[in-house]
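Q: Here the protein sequences come in this chain order: A and B.
Be aware that the first sequence starts at 1, since it is given in full-length UniProt numbering, and climbs by one per residue.
Be aware that the second sequence starts at 1, since it is given in full-length UniProt numbering, and climbs by one per residue.
No lab work stands behind these hints: they were computed from the structure.
Please note: incorrect hints may appear among the correct ones.
If chains are identical, the list can't say which one is meant, so a pair holds when it fits in one copy or spans any two.
Straight-line distance between alpha carbons at most 30 Å, and here's what the computed DSS-like set of lysine-lysine pairs gives [said to hold, decoys possible]:
| hint | residue 1 | residue 2 |
| --- | --- | --- |
| 1 | LYS110 | LYS91 |
| 2 | LYS24 | LYS91 |
| 3 | LYS127 | LYS24 |
| 4 | LYS127 | LYS110 |
| 5 | LYS110 | LYS210 |
Protein chains: 2
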Amino acid sequence: MALIVQKYGGSSVADAESIKRVAKRISEARKAGHDVVVVVSAMGDTTDELIDLARQITPIPPSREMDILLTAGERISMSLLAMAINNLGVKAKSFTGQQAGVITDAVHGKARIVDVVPGRIRETIEKGSVAIVAGFQGVTQSTNDVTTLGRGGSDTTAVALAAGLGADVCEIYTDVDGVFTADPRIVPSARKIDRITYEEMLEMAASGAKILALRCVEYARRYDVPVHVRSSFSGAPGTLVTNTPVAVVDAAAPNEEEVVMEAPIISGVAHDRSEAKITVVGVPDVPGTAARIFEVVAGAGANIDMIVQNISVASTGRTDISFTLPEEDGPIATTALNAVREAIGFESIQLDDQIGKLSLIGAGMKSHPGVSAKLFGALRDAGVNIEMISTSEIRISVVTREDNLDAAVRAVHTAFELDTEAEAVVYGGTGR
Amino acid sequence: MALIVQKYGGSSVADAESIKRVAKRISEARKAGHDVVVVVSAMGDTTDELIDLARQITPIPPSREMDILLTAGERISMSLLAMAINNLGVKAKSFTGQQAGVITDAVHGKARIVDVVPGRIRETIEKGSVAIVAGFQGVTQSTNDVTTLGRGGSDTTAVALAAGLGADVCEIYTDVDGVFTADPRIVPSARKIDRITYEEMLEMAASGAKILALRCVEYARRYDVPVHVRSSFSGAPGTLVTNTPVAVVDAAAPNEEEVVMEAPIISGVAHDRSEAKITVVGVPDVPGTAARIFEVVAGAGANIDMIVQNISVASTGRTDISFTLPEEDGPIATTALNAVREAIGFESIQLDDQIGKLSLIGAGMKSHPGVSAKLFGALRDAGVNIEMISTSEIRISVVTREDNLDAAVRAVHTAFELDTEAEAVVYGGTGR
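Working from the sequences, and respecting the hints, build out all of it.
A: This is the structure in structure tokens:
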């Protein structure tokens with residue numbers, strides 16, 4: 001008998017029928033003898049509707065009030081889900097982030113979890129009830145104020161609770177069958193990954209794979225919480241994210257453990273359309289200039305991803321520096337840089353939001369020569385030009401024209417023999 | 001400079017525009033130098049929509065979960081209202097019932113307030129901010145569970161906070177100009193009452209006047225909180241409910257006090273369509289029978305209002321007992337009584353839900369002879385038959401056919417010279 005934390009996103013609880021379906025799955029796990037803690041997001045479009053209401057009131061809502069407003073969404077979904085489970089003859093109680101002991105800092109809108117004190121949750125499951133917990137929210141210890149965790153918040157709530165409770169597994173239910181070797185919307189022959197390490201999953205998430213938020217994987221890795229990404233529409237095992245590339249531990253069939261002696265080198269191909277590229281043209285090639293540029297960009301609150309510096313042109317003593325950043329940070333970074341153009345002495349700024357990023361992720365990539373050669377060859381054969389390159393221990397990323405990104409992903413996926421014959425099933429949107 | 005608690009119902013905050021209008025009124029009170037605490041209900045139909053969602057999930061939702069669900073409504077309205085006030089340049093913060101220190105018992109769905117510990121509210125107004133508090137909700141002290149107060153809950157929250165803070169006045173904003181001598185929808189010539197005592201208001205509320213909930217008036221009376229019922233659509237003074245029938249204390253014009261030496265005897269005419277009548281036919285006229293009947297009815301959870309026992313018919317030694325009760329309690333009371341028919345020995349049960357109740361309320365009624373004679377005369381002249389009569393120190397109630405109720409209210413209103421020339425303004429629905 002295991003202690004399982006399950007997380008259901010907004011699309012899994014979009015209406016009364018969906019809630020009943022999810023309730024059935026939860027009660028089956030409970031009836032099988034497991035202790036079950038459920039983390040749930042707001043129903044379907046509730047959050048967007050609440051944001052829209054706030055916009056009708058004021059263009060700049062105070063973030064503390066915004067958090068109180070948005071947390072109404074989980075309150076609705078969690079109580080309805082508890083009702084639906086009770087209706088199936090299984091005891092269930094719902095808890096707000098505060099009641100579940102999710103303590104955060106006071107940064108409204110994107111609070112970080114600082115502690116989890118799940119006394120009431122433990123008490124509830126010890127009494128044989130299912131505990132339903134509101135995702136995405138917490139409470140500050142000092143002022144007892146409601147906070148929200150920002151993007152990917154419910155996944156993070158689930159992993160944090162699993163860590164705090166010492167759960168056997170944290171199941172993240174979504175609308176696809178697991179983590180795929182590429183986005184099945186772009187590569188229909190993409191293959192479901194049975195197991196992946198935290199590090200690889202981190203690189204996937206950081207490279208644009210939207211299935212798990214980066215911070216959730218970081219949390220899981222730090223506390224060594226096995227995360228099982230699976231579909232809320234089927235009973236099939238999904239993708240297990242753990243410390244070691246061992247076997248899938250399915251709570252429903254825990255005996256099928258097997259040790260994989262040789263993990264596949266390449267996990268998958270991620271892509272990201274959400275970045276822009278800024279090129280600082282004609283930068284004086286003297287020590288400290290790059291540092292000053294990135295100080296300015298960071299000071300403006302922009303997050304920098306990839307950086308490339310060209311070789312200096314000897315005749316001018318000048319160079320170009322390019323970097324990528326989230327598209328929405330482009331304008332503030334450009335404004336901040338233009339303000340110091342004369343002081344730093346560069347010539348001009350170019351902002352380009354028509355770029356795409358492709359990342360190939362796999363463990364031990366550095367110890368297997370030829371991986372980057374094969375990647376570049378595949379892109380060349382597909383007629384895709386490479387604008388920037390960056391590498392890590394287990395990842396190679398390239399920037400291309402946004403128009404070429406889909407073709408690039410398909411070409412690389414095929415070149416690394418990731419294609420499968422079966423077509424992946426995609427069910428709908430994604431939750432929060 | 002006064003400390004004012006203002007309460008706005010659901011119809012006053014039904015949409016973004018209404019919320020902005022209410023925010024303007026609140027910020028004006030704050031800018032005038034008053035300390036302002038606001039209690040707010042859920043927006044318009046939110047509560048009904050949430051109830052409907054729960055019904056789609058299960059016919060019998062657990063009351064604890066129902067309370068969590070319903071309190072989402074105030075969370076939305078209170079945060080939006082706080083945003084709207086901030087947008088007008090006045091600081092405002094919103095608080096849940098728990099954060100505001102509204103402690104209740106654990107009877108979910110109709111909890112009673114057991115204590116108010118408004119430390120955070122006091123702190124907030126001392127810093128010059130407006131405090132917005134969610135109406136209708138509280139928290140249990142022992143388990144930290146969310147509760148709702150049931151019908152009239154937000155009014156009660158407002159009065160309880162006013163008592164806990166020692167406020168100068170509790171303003172209940174509604175969609176009419178105050179308490180009227182009769183329902184203006186039935187009697188267009190009804191007159192707004194400038195001042196009324198807690199006792200008279202209690203009798204009005206108990207007799208079907210829906211403007212203030214009975215429990216809210218009871219609370220105000222116990223803690224001597226002046227309640228000012230007024231319109232959220234106009235700036236005119238409304239009805240002041242206090243201990244003594246003195247003058248209206250308008251926070252905006254506190255100097256206009258005047259002492260009324262002789263209060264009008266008759267406050268108004270209330271009516272109630274929500275009751276049913278049960279007649280127990282052929283009851284053996286022996287001691288203890290009535291007691292057994294009402295034990296059975298009370299045991300079934302039905303609330304009894306008026307009781308009439310006919311004179312026993314000498315030839316049979318039997319009598320009839322009639323009583324009124326809320327229409328929705330009719331079926332359970334009938335079922336419970338039929339189960340003991342043979343044991344008690346009565347002949348049959350009649351349930352009649354086509355009745356109406358008219359109540360005439362006024363201080364010192366017993367010391368002014370002729371009041372009941374005038375009442376019965378007015379009803380006779382209007383051709384209205386009286387089926388039951390009950391009296392108290394300051395009230396006479398009669399039961400009539402429901403069809404005759406409107407005509408009866410108008411006739412009595414005219415007979416006691418309550419009519420005015422100006423027509424009352426009615427703005428819309430009523431809040432929770």
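Q: Take the hints in turn and mark each one as holding or not.
A: Against the structure, the hints:
{"no.": "1", "hint": "LYS110 - LYS91", "verdict": "between (33 Å within a copy, 22 Å between copies)"}
{"no.": "2", "hint": "LYS24 - LYS91", "verdict": "within (13 Å within a copy, 46 Å between copies)"}
{"no.": "3", "hint": "LYS127 - LYS24", "verdict": "within (20 Å within a copy, 50 Å between copies)"}
{"no.": "4", "hint": "LYS127 - LYS110", "verdict": "between (34 Å within a copy, 26 Å between copies)"}
{"no.": "5", "hint": "LYS110 - LYS210", "verdict": "within (18 Å within a copy, 44 Å between copies)"}
Consistency with the previously given hints is maintained throughout, with no hint failing.
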